Amino acid sequence: SQWGEENLQALSIQEGEDVTMNCSYKTYTTVVQWYRQKSGKGPAQLILIRSNEREKRSGRLRATLDTSSQSSSLSITGTLATDTAVYFCATDASAGNKLTFGIGTRVLVRP
Amino acid sequence: EAAVTQSPRNKVTVTGGNVTLSCRQTNSHNYMYWYRQDTGHGLRLIHYSYGAGNLQIGDVPDGYKATRTTQEDFFLLLELASPSQTSLYFCASSDPGYSAETLYFGSGTRLTVL
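Chains as they are written, first to last, in this note's numbering: chain A, 1 to 111; chain B, 1001 to 1114.
Bound-form chain A, shown alone:
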């Protein structure tokens, strides 16, 4: 899982497999966002899940949120080589409309 001083986690999977990555956060948040960053690009939001939601789906993506354990997960079903990227979770734990990002999970999908 990602957060804090942990090293960037790396996952290598075969195209077609499913993958799940985890994120834990330290303080209360109203939303958890998941971003994807492809090589040479800036991060782009994939999915946003609010504190009153337990699950959110978007296409092949599924995000979960457990406020009691302060953790979230992002699952991708039927991965494609184009899903190769670094995935970040982000929370609004800070004041002033600031997002705090985790250190990311690097996912390599082998064709």
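The set of hints was computed from the structure by calculation and includes no laboratory data. This one's a predicted model, so the numbers in the text were calculated from it and none came from an experiment. Please note that the accuracy of each hint is not assured.
What the hints assert, rightly or not - No more than 25 Å apart at the CA atoms, straight line, and that leaves these computed lysine-lysine pairs for DSS-like: (1) A:Lys98 / A:Lys38; (2) B:Lys1011 / A:Lys41; (3) A:Lys56 / A:Lys26; (4) B:Lys1011 / B:Lys1065; (5) A:Lys38 / B:Lys1011; (6) A:Lys56 / A:Lys98; (7) A:Lys38 / A:Lys56; (8) A:Lys41 / A:Lys98; (9) A:Lys98 / B:Lys1065.
Given the coordinates of chain A, work out where chain B should sit on it, guided by the hints.
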């Protein structure tokens, strides 16, 4: 979709040099942000702004200044660059009136301080 353009794409300077990174967004977003990205640290917020003339301190502001000249333009200034500021810098924008929490990022500026 929001468009955020950063320039230059790459920059090399020497220790003590003066560097300005530029960011322009074309969707009339009120909020703009500067982040730096380093291996093992993810994205860290340097400065952000609510609108023209406004500046807020982020989480890692030391050694950086910023200025928001218009709603579209946000600049990051390194007046005495140091090797520790070698990093990948991202600008982002968001609009609380539409989707408060979604950030739209530029493609980044890679800065090397020798």
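Next item on the list: Could you work out which earlier hints the structure fails to respect and list their numbers in ascending sequence?
Entry: Failing hints: none at all.
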